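*Asks:* Chain by chain, the residues:
Protein chains: 2
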Amino acid sequence: MIQGKQTWVFNNKPTILSTGVVGGPFEAEGAIQEDFDKFYDDLWFGQDSYEKAHRVLYEDACSIALNKAGIQKDQVHFYIAGDLINQITPSSFSARTLAVPYIGLFGACSTSMEGLALSSLIIDNGGADYILTGAASHNSAVEKQFRYPTEYGGQKPPTSQWTVTGAGVALIGKNAIGPQITSATIGKVIDMGLSDPFNMGGAMAPAAVDTIEAHLRDRGISASYYDVIATGDLGKIGRRVSYDLLNEHGVLQDDGMYKDCGLIIYKQDQPVFSGASGAGCSATVTYGHLLNQMKQGTIKKLLVVATGALLSPLSFQQKETIPCIAHAVSIEMS
Amino acid sequence: MIQGKQTWVFNNKPTILSTGVVGGPFEAEGAIQEDFDKFYDDLWFGQDSYEKAHRVLYEDACSIALNKAGIQKDQVHFYIAGDLINQITPSSFSARTLAVPYIGLFGACSTSMEGLALSSLIIDNGGADYILTGAASHNSAVEKQFRYPTEYGGQKPPTSQWTVTGAGVALIGKNAIGPQITSATIGKVIDMGLSDPFNMGGAMAPAAVDTIEAHLRDRGISASYYDVIATGDLGKIGRRVSYDLLNEHGVLQDDGMYKDCGLIIYKQDQPVFSGASGAGCSATVTYGHLLNQMKQGTIKKLLVVATGALLSPLSFQQKETIPCIAHAVSIEMS
Chain V
1 MIQGKQTWVF NNKPTILSTG VVGGPFEAEG AIQEDFDKFY DDLWFGQDSY
51 EKAHRVLYED ACSIALNKAG IQKDQVHFYI AGDLINQITP SSFSARTLAV
101 PYIGLFGACS TSMEGLALSS LIIDNGGADY ILTGAASHNS AVEKQFRYPT
151 EYGGQKPPTS QWTVTGAGVA LIGKNAIGPQ ITSATIGKVI DMGLSDPFNM
201 GGAMAPAAVD TIEAHLRDRG ISASYYDVIA TGDLGKIGRR VSYDLLNEHG
251 VLQDDGMYKD CGLIIYKQDQ PVFSGASGAG CSATVTYGHL LNQMKQGTIK
301 KLLVVATGAL LSPLSFQQKE TIPCIAHAVS IEMS
Chain B
1 MIQGKQTWVF NNKPTILSTG VVGGPFEAEG AIQEDFDKFY DDLWFGQDSY
51 EKAHRVLYED ACSIALNKAG IQKDQVHFYI AGDLINQITP SSFSARTLAV
101 PYIGLFGACS TSMEGLALSS LIIDNGGADY ILTGAASHNS AVEKQFRYPT
151 EYGGQKPPTS QWTVTGAGVA LIGKNAIGPQ ITSATIGKVI DMGLSDPFNM
201 GGAMAPAAVD TIEAHLRDRG ISASYYDVIA TGDLGKIGRR VSYDLLNEHG
251 VLQDDGMYKD CGLIIYKQDQ PVFSGASGAG CSATVTYGHL LNQMKQGTIK
301 KLLVVATGAL LSPLSFQQKE TIPCIAHAVS IEMS
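For the protein sequence lines, the chains are V and B, in the order given.
Under the working numbering, the residue at position 44 of the first sequence is numbered 44, and the numbers go up by one with no gaps.
Under the working numbering, the residue at position 132 of the second sequence is numbered 132, and the numbers go up by one with no gaps.
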């Protein structure tokens, strides 16, 4: 099943059976509103903290995915999830509600594909019939940890990104008709010495490049094998830097097929600076918009490369550069 | 491979090829000194922060495990690790040093067995030749997050535990002579409404009970199948509570075979209150002491049940009870 250095190839066609995609009020005004299942119209969701609202995103997305597939939660073997909050409390609280055996992950904004890679591996080898996996973020819970609390009203530079309030969850099952997971590449930690929490896209770009090149090398394919390669949340700066690197390395010549979830989710006139970010960014865009494009036939072969900055120098409070990672998963319509 | 509700049974004999076990000065005075490979004689390890010292624990343990097995790090497919620190920075920093594709976990003190379960599943199905997996904690880095910083000099109640400074890492490979991983049970989040960060053992006890009962039910065996069942870090209170529950449920009648890593690592006269804790507790005791007992023939069949409190109410700063989890892995000498 391992192929090359760091890629799993799946032969038994683990399939995305259904998804649940939930967003906040800012996402409701975004560019891909139709690809969400549910929106909340304020950031509190009736809870008394943003972390609890963050948990609700996950709980809703899981319920929606289960309902769509007509699967009961006691048929689900495992719930594989994570988020950006310290001690991933929203994920663990939602796992408590769900009451399904739980594998907690920390991959920052790369969590969606870290979870999808592991879930596919488990399903592919008969380790489960059904797995719920996903990622989520909540702007007000995450920004106060990774950047500055919104209430500070701090000026943001143009390189900064906007954390998505949203959860994307997928129900993975065995060999069905639909979007099938064909391979996954686990990334290395890449750290090019950047330390600016307001330019995480730039910091993460080399990790995306490293994983994309490893993926293509391991599988023995070229970028043109895919209709779309979509990074997680590099934003304008990171997408440009990573495209230029891939282009210089002779890997990518087609700017049009190289997308970034962080540039898909919001409208041009929304004040999101360099683009969207957060573990919920690649999760909602992949499990909502991109999968819908696959179902409509616009995309047949998709590589999603979720990128994560594994710490924020602001929250770490020590002089450190930002270790970054990217995990890639290929999804192909059967 | 899935058996029952939440247990993986491994048929291809993933094996612990070697281990690296590193501790701090307090562990050097403990009850199982001979089972460690290396000690540091202060808590700084020549670093300028406890978090960086925490990272060094991991790096040393990985190096030692690789050296013992005569395996180069570029032969290792994946590094699967986590810790208790926000954003699991020590694990991610050590992954940067190691430069091996990395899967970050958050399972609090259950991380060691979460990682061993996933590693065994991957190896068992041909997803890797070699995986490094482990868990670590550093008293001064962890206590300031999960309880109070040592510098506060706060009084601790008798139910409180002492966070281990240590890392235990295992190199897992395919079908070799030695301690083989035969099955793993992934736990559910269990929350009985406790909220005292100074009695985490009591909070975690019901999770240990739930996972042990699920494991035995899924495998269709009784507790007497094992020579030793060792929980991760319940301490005196949690071990007693969980034993009594298991005994009442008719699962366990033999008090002597029910051990707790948190009661093994230190001497009776060390001031550790209810016992040891921390992600490094089950990791060092399992990969050091318990495996040595297996090699010496004292234990042939071992079930390790690492337990985790998935948040500290102190660090969460919101009124919440403690969601807990336990993952169990069975290790048997070939």
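It is worth saying that the hints were derived from the structure and are not from the lab.
The structure presented is a predicted model; accordingly, all values stated were derived computationally and were not measured.
Virtual Cβ for every residue (Gly too), placed ideally from N, Cα, C.
Treat the hints with care, since some could be wrong.
[To be verified] Cross-link-like lysine-lysine pairs, in silico, DSSO-like; alpha carbons within 27 Å at most:
| no. | chain 1 | residue 1 | chain 2 | residue 2 |
| --- | --- | --- | --- | --- |
| 1 | B | Lys267 | B | Lys300 |
| 2 | B | Lys267 | V | Lys144 |
| 3 | B | Lys144 | V | Lys319 |
[Said to hold, decoys possible] Computed list of chain B residues with no C-beta within reach of chain V, every gap over 12 Å:
| no. | residue |
| --- | --- |
| 4 | Lys5 |
| 5 | Asp41 |
| 6 | Asn67 |
| 7 | Ala69 |
| 8 | Gly70 |
| 9 | Asp74 |
| 10 | Ile103 |
| 11 | Gly104 |
| 12 | Ala108 |
| 13 | Gly187 |
| 14 | Glu332 |
| 15 | Met333 |
*Asks:* For B:Met333, which was marked as not at the interface, is the minimum beta-carbon distance to chain V over 12 Å?
*Replies:* 25 Å, holds
*Asks:* If I take the minimum Cβ distance from B:Lys5 to any residue of chain V, is it greater than 12 Å?
*Replies:* 7 Å, violated
*Asks:* Hey, is B:Ala108 genuinely clear of chain V, shortest beta carbon separation above 12 Å?
*Replies:* 7 Å, violated
*Asks:* Has the given pair, B:Lys144 with V:Lys319, been kept, meaning a C-alpha gap of at most 27 Å?
*Replies:* 19 Å, holds
*Asks:* Please confirm whether B:Asp74 is truly not at the interface, meaning its C-beta sits more than 12 Å away from all C-beta atoms of chain V.
*Replies:* Per Cβ check, B:Asp74 is inside 12 Å of chain V; nearest 9 Å; violated.
*Asks:* Can we confirm that no CB of chain V comes within 12 Å of the CB of B:Asn67?
*Replies:* About 21 Å separates B:Asn67 from the closest Cβ of chain V, which puts it past 12 Å; holds.
*Asks:* Is the nearest CB of chain V more than 12 Å from the CB of B:Gly104?
*Replies:* About 4 Å separates B:Gly104 from the closest Cβ of chain V, which leaves it inside 12 Å; violated.
*Asks:* Are the Cα atoms of B:Lys267 and B:Lys300 separated by 27 Å or less?
*Replies:* Holds. B:Lys267 to B:Lys300 sits at ~25 Å (cutoff 27 Å).
*Asks:* Would the non-interface assignment of B:Glu332 survive a Cβ cutoff of 12 Å against chain V?
*Replies:* Nearest chain V Cβ is 20 Å from B:Glu332, so the label holds.
*Asks:* Please settle this one: B:Gly70 was flagged as non-interface, so is its CB more than 12 Å from every CB on chain V?
*Replies:* 20 Å, holds
*Asks:* In terms of Cβ atoms, is chain V entirely out of 12 Å range of B:Ala69?
*Replies:* Nearest chain V Cβ is 19 Å from B:Ala69, so the label holds.
*Asks:* Checking a non-interface call: every C-beta of chain V should be farther than 12 Å from the C-beta of B:Asp41. Is that right?
*Replies:* Answer for B:Asp41: holds, closest chain V Cβ roughly 24 Å.
Hint compliance for this structure: hints 2, 4, 9, 10, 11, 12 and 13 are not met, and every other hint is.
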